[in-house]
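Residue numbers (our numbering), protein chains in the order written: chain L, 1 to 162; chain H, 1 to 422.
Be aware that one or more of the hints could be misleading.
Unchecked claim - Among the chain H residues that face chain L by a calculated CB cut under 8 Å, a handful are:
1. Asp17
2. Lys73
3. Gly139
Unchecked claim - Beyond 10 Å from chain H on every Cβ pair, some chain L residues (computed):
4. Asp17
5. Ala22
6. Arg48
7. Lys59
8. Ala88
9. Ala110
10. Gly133
11. Pro142
12. Val155
Rather than coming from a laboratory, the hints here were simulated on the basis of the structure.
Cβ coordinates follow ideal geometry from the N, Cα and C atoms, glycine included.
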Amino acid sequence: MIDKGRVFKYGDNVDTDVIIPARYLNSFDGKELAVHAMVDLDPTFAGRVQKGDIIVAGKNFGSGSSREHAPLALKEAGVGCVIASTFARIFYRNAINIGLPIVESPEAFAGIEDGDEVEVDFDSGVVTDLTNGKTFEAVPFPPFMQELIKAGGLVNYVNSNK
Amino acid sequence: MGMTMTQKILAGAAGLDYVEAGQLILADLDVVMANDITGPMALPIFFKMANKVFDKDKVVLVPDHFTPNKDIKSAENAKAIREFSYSQGLTHYYEIGQMGVEHALLPEKGIVVAGECVIGADSHTCTYGALNAFSTGVGTTDIASGIATGKAWFKVPSAIKIEVTGKPKSFVSGKDIMLHLIGRIGVDGALYKSMEFMGDGIKNLTMDDRFTIANMGIEAGAKNAIFIFDEKTKEYIENHSDKKYKTYEPDEDAIYDETVVIDLAKVRPTVAFPHLPGNAHTIDEVEAMDKIYIDQVVIGSCTNGRISDMRRAAAVLKGHKVDSKVRVMILPATQKIYKECLNEGLVDIFIDAGCSFNTPSCGPCMGGHMGVLASGEKCVSTTNRNFVGRMGHVDSLIYLASPEVAAASAIKGYIANPEHIN
Numbered sequence: 001m002i003d004k005g006r007v008f009k010y011g012d013n014v015d016t017d018v019i020i021p022a023r024y025l026n027s028f029d030g031k032e033l034a035v036h037a038m039v040d041l042d043p044t045f046a047g048r049v050q051k052g053d054i055i056v057a058g059k060n061f062g063s064g065s066s067r068e069h070a071p072l073a074l075k076e077a078g079v080g081c082v083i084a085s086t087f088a089r090i091f092y093r094n095a096i097n098i099g100l101p102i103v104e105s106p107e108a109f110a111g112i113e114d115g116d117e118v119e120v121d122f123d124s125g126v127v128t129d130l131t132n133g134k135t136f137e138a139v140p141f142p143p144f145m146q147e148l149i150k151a152g153g154l155v156n157y158v159n160s161n162k
Numbered sequence: 001m002g003m004t005m006t007q008k009i010l011a012g013a014a015g016l017d018y019v020e021a022g023q024l025i026l027a028d029l030d031v032v033m034a035n036d037i038t039g040p041m042a043l044p045i046f047f048k049m050a051n052k053v054f055d056k057d058k059v060v061l062v063p064d065h066f067t068p069n070k071d072i073k074s075a076e077n078a079k080a081i082r083e084f085s086y087s088q089g090l091t092h093y094y095e096i097g098q099m100g101v102e103h104a105l106l107p108e109k110g111i112v113v114a115g116e117c118v119i120g121a122d123s124h125t126c127t128y129g130a131l132n133a134f135s136t137g138v139g140t141t142d143i144a145s146g147i148a149t150g151k152a153w154f155k156v157p158s159a160i161k162i163e164v165t166g167k168p169k170s171f172v173s174g175k176d177i178m179l180h181l182i183g184r185i186g187v188d189g190a191l192y193k194s195m196e197f198m199g200d201g202i203k204n205l206t207m208d209d210r211f212t213i214a215n216m217g218i219e220a221g222a223k224n225a226i227f228i229f230d231e232k233t234k235e236y237i238e239n240h241s242d243k244k245y246k247t248y249e250p251d252e253d254a255i256y257d258e259t260v261v262i263d264l265a266k267v268r269p270t271v272a273f274p275h276l277p278g279n280a281h282t283i284d285e286v287e288a289m290d291k292i293y294i295d296q297v298v299i300g301s302c303t304n305g306r307i308s309d310m311r312r313a314a315a316v317l318k319g320h321k322v323d324s325k326v327r328v329m330i331l332p333a334t335q336k337i338y339k340e341c342l343n344e345g346l347v348d349i350f351i352d353a354g355c356s357f358n359t360p361s362c363g364p365c366m367g368g369h370m371g372v373l374a375s376g377e378k379c380v381s382t383t384n385r386n387f388v389g390r391m392g393h394v395d396s397l398i399y400l401a402s403p404e405v406a407a408a409s410a411i412k413g414y415i416a417n418p419e420h421i422n
C-alpha cells in the first residue's frame, strides 16, 4: 500500500485537544468531526487538506486525552498518514484500531519540510520526499500490530479469532 | 531476572509466570470503564463483536464529562449509555445524584482494588495505580473490545523507578509533587513506560496525594503509574471495598530504565504555565515575576476534587473574600465528597468567600461547560491539562496548580503563594 500527498508540518506535543477540541466531542460522527480537525492549532487545515495528504510532526504526537475522535477526525478529513518522531501511546493504539496509517521516524521529521510532496510505502516502511529526493526508513511495527493492521483493525481481528 | 510491580500484575492477568518489557500479551480485565464521551461511541463497535457484556459486574459506565447534560447531543449520548446499562443489567452505572468524576468515584465505591488489571476509555484511568493496581487509558475501539471480551492486548512496558524520600512541607501536596516531577522529566519523559513510586517517603503521602500523582502519570506520557502497597493503601481499600485483593511489590532485581529521586521536603508549591503540564515553576519563581492577574479559578476534577483538596482550599479561603474580578468554581468530585463538604462546614466557607459550589462534573476541565474561558482569559486550575484551548477559547491561558495555590490566587486576584495568606 502506498500513500502520496502534500505535507502539513507541525512541531512537538501536538495534543488531542488541538486535533479535535472537546467542544466538538458531543458528536462521534467522523464527517462532522473532520470539519474541525486541527482547528485550535491550524484553523486553515480542514479547508486545505486533500485526500492522501500527510501530517509530519515531532515528538509525542497525539498526547493527552484518549478520545478516538482525534484519529477519526484526521482520517475522515482525508489524512492518508501521520509521520511523527514519536506518538503518545493511546493515540498510537487508537490510530491502528481505526485504520489511520501512522509512521514513526524522527529522521523524516527532521528532513521533510511543510508543503513537500511525500510518498509512504507501508509495506517497506520507506518514506520518500519527492520534493527534495531524500528517503527515510520508518521504525517497523511489531508483528502483532502488523496482524492487526492486516486484519483491518481490532474489531475484525477479534471477530476472526472467536 | 526480576519483574516490576506492573510486569507482575500483567503476568498474572495474562496467566503467565513471567513477562518482560516489550512482550505482547493478552490480559484478562478486572474492570472496564467508559464515560459519556467514549461510551456512546463504543456501543456500535461493541455490537459488531457481541450482544452481551462479558461481565455485568466488571463493566462500569459513568456519565461525568458533559453531564448534567450540557446540550441536546450530549443528552442523546448520555441516554445511549443509560439505556445500554439498563438493558445489559450493569451493576455499576451511576446516574446524576449518585455519580461523580469517574476516577474519584471508582476507588470511593470500592470498584477497583490492589492487584487488578483495569482499562478505561479515559486517559486519566492511570489514577487507580495509587491502589497498587495496573490501570491504563485506552480509546473507544479498545474499550468496546474490552466490554465484549473482557480482554485487552498490551505491550509489557519497561519502567522508571520514582524513589520518594522525605516528608512534604505545609502547603505542598500531591499536585505540587507531580508538577515538579513532570517539570523534571518532561511531558514525554515516561512515554510508553510505567512510573513506579516507592521509597520511604511514600508513607508521608496520603491516599489523596497518591491519587493525584498517579492521575497525572499520563501527563508524562506514562502507560501507567503505580504505588507500592502499604498500611495506608490497606486501610483505604478495606474501608471502601469488600473485594478480595492481591498486593504486588517489585522484585529486588527488577529492571528499571532509570531512577528518579524526589526529596519531598524540597518540593515547593508548583505551578505549570501554559501550554504544557511540564512547564513547571516554583511559587518562589512566580513571586519574582510580574503579577499574573487571573479571571477564573477552578478547584475540582479527577486530579484535585477529593475531600482533602476541598479541606486544603477551605483552610486557605476561610475568613477571606475572593477578588472581585475573579470567578471561582468549586466542584467536589463525587456526591459523597459534596456531602462531606456540607457536613464539615466547608460549603459555608466557600460561599462566604464568594465562590460558586457546584455539582460533580468534569465540566470546565476540558472546556465542556460550567466555566468555559473567553479569549485572553487566564485561569488557575487544579485540573490536569493546560493545553491550547483546553478550557475554552484558543487564546485563553491555563495555569495548573494545587488547591491551596488556587485558593490563594482566588483571594489575591493573581497567582499567589498560599504561605503568605493569613
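Which hint numbers doesn't this structure obey? 1, 4, 5, 7, 8, 11 and 12
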